[in-house]
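Heads up: the protein sequence lines correspond to chains R and C, in order. Just so we're aligned, residue 1 is where the first sequence starts under this note's numbering, counting upward by one. Just so we're aligned, residue 1001 is where the second sequence starts under this note's numbering, counting upward by one.
Wrong hints could be hidden among the right ones.
Distance condition first, Cα-Cα at most 20 Å in a straight line; then the derived EDC-like pairs of lysine to aspartate or glutamate [to be verified]: (1) 50/R with 66/R; (2) 50/R with 1098/C; (3) 26/R with 1030/C; (4) 1018/C with 1062/C; (5) 1057/C with 1038/C; (6) 1018/C with 1030/C; (7) 1018/C with 1001/C; (8) 37/R with 1038/C; (9) 26/R with 1062/C; (10) 1069/C with 1056/C; (11) 1065/C with 1053/C; (12) 1065/C with 1030/C.
These are computed hints drawn from the structure, not numbers from a lab.
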Amino acid sequence: QQPVQSPQAVILREGEDAVINCSSSKALYSVHWYRQKHGEAPVFLMILLKGGEQKGHEKISASFNEKKQQSSLYLTASQLSYSGTYFCGTERTGANNLFFGTGTRLTVIP
Amino acid sequence: EAQVTQNPRYLITVTGKKLTVTCSQNMNHEYMSWYRQDPGLGLRQIYYSMNVEVTDKGDVPEGYKVSRKEKRNFPLILESPSPNQTSLYFCASTPPLEAGYTFGSGTRLTVV
Chain R
1 QQPVQSPQAV ILREGEDAVI NCSSSKALYS VHWYRQKHGE APVFLMILLK GGEQKGHEKI
61 SASFNEKKQQ SSLYLTASQL SYSGTYFCGT ERTGANNLFF GTGTRLTVIP
Chain C
1001 EAQVTQNPRY LITVTGKKLT VTCSQNMNHE YMSWYRQDPG LGLRQIYYSM NVEVTDKGDV
1061 PEGYKVSRKE KRNFPLILES PSPNQTSLYF CASTPPLEAG YTFGSGTRLT VV
């Protein structure tokens, strides 16, 4: 039941933009996004509910297309602090039981 | 401070020796869950609990047990650990609906 994330890894220079995609073969109720820095626990970024909404968090925003069961995370004008592994978590029933993707490793270099 | 506390942070044990990883949250969350994280496989759910005395299997429950006797605690039990259970384990909790998970700091388990 794991969603599929792409790309698996991306390297950016400071100030560049990136998009991380997450797709599921099942209908979704919500999508979560988390960031995990090396040696630390995942940290919640945002949740998107079905309805095609877009949310923002500083320079990080996301969209959710429930018809396609897809979500995208947008990182604009990347900063060194954005480095880490990004996970999407998908939820199908509204009970908040998440299945996570395999992650996208983002590296921002000066 | 609102948090999920896991213990121990690191554990090395031998095959077959029963162990328990504790997880406690102070946010009065109904939902708690255990995940294991392995390179290239992401976070895979082991067990979850919707509330006290309500638990269910996730994607990879074999070799694990859980219990939820109190709302705040959700221990993970390995009755007879094997080397393939060497992994990084995370406990997480959340309110029932439409809210993000709070993760514990993780437990790195090595079974030799």
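Now the hints, each set against the structure:
1. 50/R with 66/R: holds (6 Å)
2. 50/R with 1098/C: Satisfied, since the Cα-Cα distance of roughly 11 Å is no more than 20 Å.
3. 26/R with 1030/C: The hint is violated at about 25 Å.
4. 1018/C with 1062/C: Measuring from Cα to Cα gives roughly 15 Å; hence the hint holds.
5. 1057/C with 1038/C: holds (19 Å)
6. 1018/C with 1030/C: Answer violated: residue 1018/C to residue 1030/C is near 27 Å, above 20 Å.
7. 1018/C with 1001/C: violated (32 Å)
8. 37/R with 1038/C: holds (15 Å)
9. 26/R with 1062/C: This hinted pair is violated, its Cα atoms lying about 24 Å apart.
10. 1069/C with 1056/C: At roughly 14 Å apart (the allowed maximum being 20 Å), residue 1056/C and residue 1069/C satisfy the hint.
11. 1065/C with 1053/C: Holds: residue 1065/C and residue 1053/C sit about 13 Å apart, inside 20 Å.
12. 1065/C with 1030/C: holds (19 Å)
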